[in-house]
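Taken in sequence, the protein lines are chains F and V.
Using the working numbering, the first residue of the first sequence is number 10, and each one after it goes up by one.
Using the working numbering, the first residue of the second sequence is number 887, and each one after it goes up by one.
Honestly, the hints are just simulated from the structure, not real lab data.
Fair warning: this is a prediction, and the values are worked out from it, not measured in the lab.
It is possible that some hints are incorrect.
In silico lysine-lysine, DSSO-like type, Cα no more than 30 Å apart, as pairs [what the hints assert, rightly or not]:
1) 270(F) <-> 907(V)
2) 896(V) <-> 1222(V)
3) 270(F) <-> 896(V)
4) 1152(V) <-> 270(F)
5) 937(V) <-> 896(V)
6) 80(F) <-> 1076(V)
7) 84(F) <-> 1152(V)
8) 1229(V) <-> 12(F)
9) 1238(V) <-> 241(F)
10) 1028(V) <-> 36(F)
11) 1164(V) <-> 1238(V)
12) 270(F) <-> 1229(V)
13) 896(V) <-> 1047(V)
14) 103(F) <-> 907(V)
15) 241(F) <-> 1164(V)
16) 103(F) <-> 896(V)
17) 907(V) <-> 1152(V)
18) 1215(V) <-> 12(F)
19) 241(F) <-> 1229(V)
20) 1261(V) <-> 241(F)
21) 84(F) <-> 1164(V)
22) 937(V) <-> 84(F)
23) 1164(V) <-> 16(F)
24) 1047(V) <-> 937(V)
25) 1346(V) <-> 1296(V)
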Amino acid sequence: MYKILRKETLNDVVELMEVHAPYVARKCEPGQFIILRVGEDGERIPLTIADFDREKETITIIYQIVGYSTKELSKLNEGDELTDFVGPLGEPTKLHQHKHVVGVAGGVGSAPLYPQLRALAQMGVEVDVIIGGREAQYVLLEKEFRKFCKNVYITTDDGSLGEKGFVTTKLAQLIEMGEKIDEVIAIGPVPMMKAVVSVTKPLNIKTSVSLNPIMIDGTGMCGCCRVSVDGKIKFACVDGPDFDGLQVDFDELIARQRMFKDEEHHVSENANRMCNLMGGVK
Amino acid sequence: MPNMSLKKVKMPEQDPQVRNKNFDEVSLGYTCEQAMEEATRCLNCKHQPCKKGCPVGVPIPEFIAEVAQGHFDEAYEIITRENALPAICGRVCPQENQCEGQCVRGIKGESVGIGRLERFVADYHREHGVKKEATIEKNGKKVAIVGSGPAGMTCAGELAKKGYEVTVFEALHKTGGVLSYGIPEFRLPKDLVQQEVDGVAALGVDFKTNVVVGRSITIDELQEQGYQAIFVGSGAGLPRFQGIEGENLNGVYAANEFLTRVNLMKGYQFPHHPTPVKIAETVCVIGAGNVAMDAARTAKRLGAENVYIVYRRGEDEIPAREEEVHHAKEEGIIFKLLTNPVKIEGEDGWVKSMECVEMELGEPDESGRRRPVVKEGSNFTIETGTVIVSIGQSPNPLIRQTTPGLDTQKWGGIIVDEETMKTSKEGVYAGGDVVTGAATVILAMGAGKKAAQAIDEALKD
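Chain F extracted, bound-state conformation:
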């Protein structure tokens, strides 16, 4: 079992947990992910590693409560234990000794981006970040990024924090102003990553993205997480999750993420109904 040592609420839909997981904490590198389960019947939930502490043997995860299984996860508190916690999975990010890298984070995308940019900064790379969110509370890890980023730009859809607009607007602006960017690392919802690539691709700016397709085992066994990159089938769990954004077929990925949309709704409905039937006892 894997004990939850710390739990924090980051905004009304996003939480953070620090979990004791020695095997993962000893080996993980930026870009890798874990899979966890809550309860003996639980779904396998993949989450990218937001931080790690080799001495305490802990892993930090940041997750958004979106459906039944993340709701179940959210019910747990400090001192509780996760049924399963496996990793590190996926290939570590290939960190290049560039001069200047711009990270682009959308929503919880800040979490996986954070260890990547921190590692680059430690290598002496000049790092900027653009953090986007629907409104102020969804802009995550600003304080943490400020510790090592030269510039932190913030955009919100409603203008409640930073500039009103999208991360892509800001990125395009930086490029227009003549910033020399060696690589863009974009992590967030798929439509956001697609939009970032639509800015960088015409200029042939190297762009790395971290993909989160539907996944079960996370070790290359089920083939569920396949994505098309440069016209070839890749498994995000063993070949990724980082890929060359300029080569990813985002439209296919967006379609594939809809595979179980009806069922997700159904399981939540059913859980609510079961809960009502049993008077909230579960």
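Starting from the structure of chain F, add chain V where the hints point.
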């Protein structure tokens, strides 16, 4: 005087039209009387051809002789000297190509039902047998096993019996490997798999789930931690695709994904188990191996109206076990033989239909089977909402990518000495599907057993 009936005593089964709507086991197993009657069909031949057909060398005539006399505990004792997992083998071995294929009674009439008898003995023991406390003296030598499937479990069990301190590392949250995620409940009940795992654990084997060797820890690190021998039985998990248009449409599954959702994650009990599985009214399964049969029969049970097996060769070339093909047909699975998919067509990202061509058989190819050749201009379309690709798996690449000095074949299989299962890396052994490519449970067990013997030879004083 032996029982000279030409046919095996029939094993009771659920009615096909009932069972194709539930996930309970298809075959119900012999009663004591039926088992004893079937056992008397054995001629107890001196040269024991059946035993030579068994990859783990079970002394078949000897255990059958005990069954014939109603000595079921003795029969169990004899089988388990050579085979640690009889309840599983009795159910999933391709007996027609092994023990039963060699049986003299098969020359005229049906062979002795060896698989059915093995299953009976194991089940009888499970229900009535007395569990013996294992008193094994530990020798203090540590061995690591990678993967808790049939190869790893067998190797672990054999070594534990000899006193080794064995740790099994399993990547998934559940032990059993393909027995848990691949083979469906109706063919191999999961509580039975669990009992077999518990049996191995009772020998003192330590199972560590959620450890992905190659990621969580490497082979080299295991050696540094003092494991004197390591057996790799990580299986052939990586699914293959045909490389035709439309394979990434929604509604196209690799058989592994489909079966994992249903078996490991219990998707057939959705939404009580939250992992979903979606199935259309018409389902096409590409391929005709055991995995394809499992997928097709599972799809039927999930409520699909029409389930097709689409296979490019003919009836004689079908690689699945005879019994599975027979059961599938009984349950209403439609076989579209000499048919090869060329394209999957979609609408709004979802599968709508599959375009196929008819095939005919030409000259034998390198596998000895007649090569299927496309009939020009024979293209036709099947309307379908789900396609399950079941054309084979390759070994998982994680271990070969992270283990320097481990030689592998071009296609990814680990290269071993076939006598000792030794790899090119000192102290590292391998067996099962990771060596042979996707094969059978019993061959994997045979490899695990051989490796255990070789490890013992190498490590004993």
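Hint check results:
{"no.": "1", "hint": "270(F) <-> 907(V)", "result": "holds, 25 Å"}
{"no.": "2", "hint": "896(V) <-> 1222(V)", "result": "holds, 29 Å"}
{"no.": "3", "hint": "270(F) <-> 896(V)", "result": "violated, 46 Å"}
{"no.": "4", "hint": "1152(V) <-> 270(F)", "result": "holds, 19 Å"}
{"no.": "5", "hint": "937(V) <-> 896(V)", "result": "holds, 23 Å"}
{"no.": "6", "hint": "80(F) <-> 1076(V)", "result": "holds, 28 Å"}
{"no.": "7", "hint": "84(F) <-> 1152(V)", "result": "holds, 23 Å"}
{"no.": "8", "hint": "1229(V) <-> 12(F)", "result": "violated, 48 Å"}
{"no.": "9", "hint": "1238(V) <-> 241(F)", "result": "holds, 22 Å"}
{"no.": "10", "hint": "1028(V) <-> 36(F)", "result": "holds, 23 Å"}
{"no.": "11", "hint": "1164(V) <-> 1238(V)", "result": "holds, 15 Å"}
{"no.": "12", "hint": "270(F) <-> 1229(V)", "result": "holds, 26 Å"}
{"no.": "13", "hint": "896(V) <-> 1047(V)", "result": "violated, 37 Å"}
{"no.": "14", "hint": "103(F) <-> 907(V)", "result": "violated, 49 Å"}
{"no.": "15", "hint": "241(F) <-> 1164(V)", "result": "holds, 25 Å"}
{"no.": "16", "hint": "103(F) <-> 896(V)", "result": "violated, 61 Å"}
{"no.": "17", "hint": "907(V) <-> 1152(V)", "result": "holds, 16 Å"}
{"no.": "18", "hint": "1215(V) <-> 12(F)", "result": "violated, 49 Å"}
{"no.": "19", "hint": "241(F) <-> 1229(V)", "result": "holds, 16 Å"}
{"no.": "20", "hint": "1261(V) <-> 241(F)", "result": "holds, 29 Å"}
{"no.": "21", "hint": "84(F) <-> 1164(V)", "result": "holds, 28 Å"}
{"no.": "22", "hint": "937(V) <-> 84(F)", "result": "violated, 56 Å"}
{"no.": "23", "hint": "1164(V) <-> 16(F)", "result": "violated, 35 Å"}
{"no.": "24", "hint": "1047(V) <-> 937(V)", "result": "holds, 23 Å"}
{"no.": "25", "hint": "1346(V) <-> 1296(V)", "result": "violated, 34 Å"}
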